[in-house]
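*Asks:* Please build the complete structure, drawing on both the sequences and the hints.
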Amino acid sequence: MHRLKWSERIGQSLNAIVLGLLAVAMFFPLYYVFVVSFTDPGEYLQKKIVLFPQRWSAEAYTYLLSTPAFARSLGNSAFLATVGTVCSLAVSSSLAYALSQKRFYFRKVLMFLIVLTILFSPGIIPNYLLVRELGLINNIWALILPALANGWTVLLMKNFFDSLPAEISEAASIDGCSAIRTWYTIVLPLSMPALAAFGLFFAVGYWNQFFAALLYLNDSAKWPIQVLLQNMLLNASNIDLVAPGQQVETPPTEMLKMAAIIVAILPVLMVYPFIQKHFAKGAMVGSVKG
Amino acid sequence: MSVTEQHFSTHKGRQTSSKRNRRTKWLSALRRDRSLYLLALPGILFFLIFKYIPMWGIVIAFQDYSPFRGILGSEWVGLQHFTTLFANPDFALLFRNTLAISLLNLILFFPFPILISLGLNELRNMTYKRLIQTVIYMPHFLSWVIIAGLTLLLFAKGTGLINELFALWGWPRVDFLTNPDSFWIMVTLQAMWKEAGWGTIVFLAAMASVDTQLYEAARMDGAGRLRQIWHITLPAIRSVIVVLLILRLGDIMEVGFEQIFLMYNGAVSEVAEVFDTYVYRTGIEQGDFSYSTAVGLFKSVVGLALVVIANRLVKRMGQEGVY
Chain A
1 MHRLKWSERI
11 GQSLNAIVLG
21 LLAVAMFFPL
31 YYVFVVSFTD
41 PGEYLQKKIV
51 LFPQRWSAEA
61 YTYLLSTPAF
71 ARSLGNSAFL
81 ATVGTVCSLA
91 VSSSLAYALS
101 QKRFYFRKVL
111 MFLIVLTILF
121 SPGIIPNYLL
131 VRELGLINNI
141 WALILPALAN
151 GWTVLLMKNF
161 FDSLPAEISE
171 AASIDGCSAI
181 RTWYTIVLPL
191 SMPALAAFGL
201 FFAVGYWNQF
211 FAALLYLNDS
221 AKWPIQVLLQ
231 NMLLNASNID
241 LVAPGQQVET
251 PPTEMLKMAA
261 IIVAILPVLM
271 VYPFIQKHFA
281 KGAMVGSVKG
Chain B
1001 MSVTEQHFST
1011 HKGRQTSSKR
1021 NRRTKWLSAL
1031 RRDRSLYLLA
1041 LPGILFFLIF
1051 KYIPMWGIVI
1061 AFQDYSPFRG
1071 ILGSEWVGLQ
1081 HFTTLFANPD
1091 FALLFRNTLA
1101 ISLLNLILFF
1111 PFPILISLGL
1121 NELRNMTYKR
1131 LIQTVIYMPH
1141 FLSWVIIAGL
1151 TLLLFAKGTG
1161 LINELFALWG
1171 WPRVDFLTNP
1181 DSFWIMVTLQ
1191 AMWKEAGWGT
1201 IVFLAAMASV
1211 DTQLYEAARM
1221 DGAGRLRQIW
1231 HITLPAIRSV
1241 IVVLLILRLG
1251 DIMEVGFEQI
1261 FLMYNGAVSE
1271 VAEVFDTYVY
1281 RTGIEQGDFS
1291 YSTAVGLFKS
1301 VVGLALVVIA
1311 NRLVKRMGQE
1321 GVY
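Protein sequence lines, in the order shown, are assigned to chains A and B.
This note's numbering puts the first residue of the first sequence at 1, with every later residue one more than the last.
This note's numbering puts the first residue of the second sequence at 1001, with every later residue one more than the last.
Simulated from the structure, these hints should not be mistaken for laboratory data.
By construction, the Cβ of each residue, glycine as well, lies at the ideal position given by its N, Cα and C atoms.
Any given hint might turn out to be false.
[Said to hold, decoys possible] Once the Cα atoms are required to be at most 20 Å apart in a straight line, the calculated EDC-like pairs of lysine to aspartate or glutamate come out as:
| id | chain 1 | residue 1 | chain 2 | residue 2 |
| --- | --- | --- | --- | --- |
| 1 | A | K102 | A | E170 |
| 2 | A | K48 | B | D1175 |
| 3 | A | K47 | B | E1164 |
| 4 | A | K102 | A | E167 |
| 5 | A | K5 | B | E1216 |
| 6 | A | K5 | B | E1122 |
[Said to hold, decoys possible] If the Cβ cut is set under 8 Å, some of the chain B residues that face chain A in the computed set are:
| id | residue |
| --- | --- |
| 7 | D1033 |
| 8 | E1122 |
| 9 | Y1128 |
| 10 | I1136 |
| 11 | P1139 |
| 12 | L1304 |
| 13 | V1307 |
[What the hints assert, rightly or not] One-sided excerpt, in silico: chain B residues whose CB lies under 10 Å from chain A:
| id | residue |
| --- | --- |
| 14 | R1032 |
| 15 | M1055 |
| 16 | L1123 |
| 17 | L1131 |
| 18 | S1143 |
| 19 | I1147 |
| 20 | L1161 |
| 21 | A1167 |
| 22 | L1168 |
| 23 | T1293 |
*Replies:* Structure representation (C-alpha cells):
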C-alpha cells in the first residue's frame, strides 16, 4: 500500500510537470513577442535574442500607433466588431426565437434548410459573385452582411430558447403581447448571459476576419487590422507605415511586427476571461444533461 | 393584411379540396401570428440571399460564364470544366496534398487533445488545472494571420528566434518554412498549437460525467491510476472519441484554408496547393470563374458525401449523429 502511494505520487508529479511544460511551450511565443516589443530598440539590435530585457521601451508602440495606416485599420476593425456583433445578435436571435415557438408553421422546413447550409457550401466563387452583384466590393458591409448569421449559431440559440419555460411566451401572448415585443422586452433581457457569450464569439470572429476582407476590399484605407497585419508580417510589402512628412528614426521592423501582433491580440485577450467563463459553464451544462 | 383577408374570403366558398384546407391553414397561421413571422423575416431573408442564392450560382460551373453576359446570358458547356479538371495534372497534386494534410492531422493532431485531457483529468490541484486550461485554450481565439506571423517570427531562416539561437550555438541555420519536405508537418504542428487545447473541452466534459464510485471500487480492487485510466476513463469517453473520429473522416476534404493560404509561398507550392487555395488562385486571381466554381463544387460534393456517410456510420453504431 505504501509503495503504491509513492508510485502514484511520482506519477502525479510527472503528469503535472509535463502539462506545465506543455502550457509553457504554448505560452512562450506570446511571451517572447510581448517582451521583445517592449524592449529598447538599441538593445534588441545589439542582442537579437531578448528573453529578459534590461531596458524597457514603448517606442515600437508609439511609432506604430502614430502611423495613419495602422490607426485607421484599428478603427475599421473596431467598427466591424461592434456593429457586426450587434447586427448578428439581432438577426440570429430573432430568427432563433421565432423558430423556438411551436406555433411557427414552417419551422420544420426552415430548420431543415438551415441545417443544409451547414452541410453544403457552394464555395468561394458563387459567394464572391453574389457580393459583387450586390455592389458591395470595397464596402465594409461586405464583411458584415454575409457573416450576419450561420446555421450553427441559429441552431444553438434555438436550443437555448427551447430551454426557457414556454409559459413566459404564452403568458405574454395572452396578455396581448406581440411576438416581436415578447422577444424584445421579455426574452432578450432574460437571455443576457447567453447573448453575451454568443456576442463575444461573434465579436472575436469579426475581429479575426481575414479572408473576406482580402476578397472584397481592395482599398487599403478600408482594411481591417488582420489584412494590414498580413501585409506587414507575411508579405513584407512596405505599406506606408510612415506618416507623410514624418522624420523619425524607425524602430527595427521585427519589433514593429511584434508590437502590431500584441495590439491585434489585446482586444481578444481582454474579452477572453468572459468567454472562458461562459464556455466552461456551457460544457458543464452539456455534460450534466448527457 | 386586409387585402389578403378579402381575397381569402371570396375564394372560401368555391374551393373544397384538401388542398384548400392546407392553404387555409398556413394562411390563417400567417395571419394569426403576423408578428412572429415578421420577427423571423430578417433571418429568413439572410439565409435566402447569402446562403441560397450562391447555391443557385453553382450553375456557372456548367457554363462559360462571362461577367458581362451574366448567368442568364452565358453559354452552357455541360461537364466540360469537370473533365478539364480531372485531366489536369494539378488535380492529382491537389488530391495528394489535401489527403496528406488531413491524414497527418488524423494521426498526429487527433490523439493529442485526448492525451492532454487524460493528463488534466488526473490533476488534483484545481487552481493549477485551471491555469493550464486558460493558457492552452487561448490560441484558439487568435486569428490565423497572427499565428502565421508568430510562426514566421520564431522559425524564419534569417531572423527567427530559433535560428538566431542556432546561430548563437554555432549550429547551421535550418530552413523550416520554405522547405517542401517540412511543410506538411509544420502546418500540422501549427494547427495543434492553435486547437489542441480547445479540443480538450469535449473530452473533459465526457470525463466529468464519469461516476466517481467506479474509481473508488477500482481502487478497492487494487487498481493503480494507469489501470483506472485504461479501464474506466478511456471506456467512458470511447463513444465521444469514435464519433469525433468518424466526423473527422467525413471532413477529410477540409483543410484549414486560411492557414494554408497564409503559410503558402512559392517554394512550397508543390505541396501546399489544396482545393480551396487552387479555387482562389484560378477564380479570384485569374478570373476563371466557371472553372474554379467547378473545382469548388467537386470539393463540396465529395465533402458532403463523406459527411453523410460518416453520419450514417455514427448512427449505425447507436450514437446520436450530428443531424
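*Asks:* Going through the numbered hints above, which ones does this structure break? Give me the numbers in ascending order.
*Replies:* none
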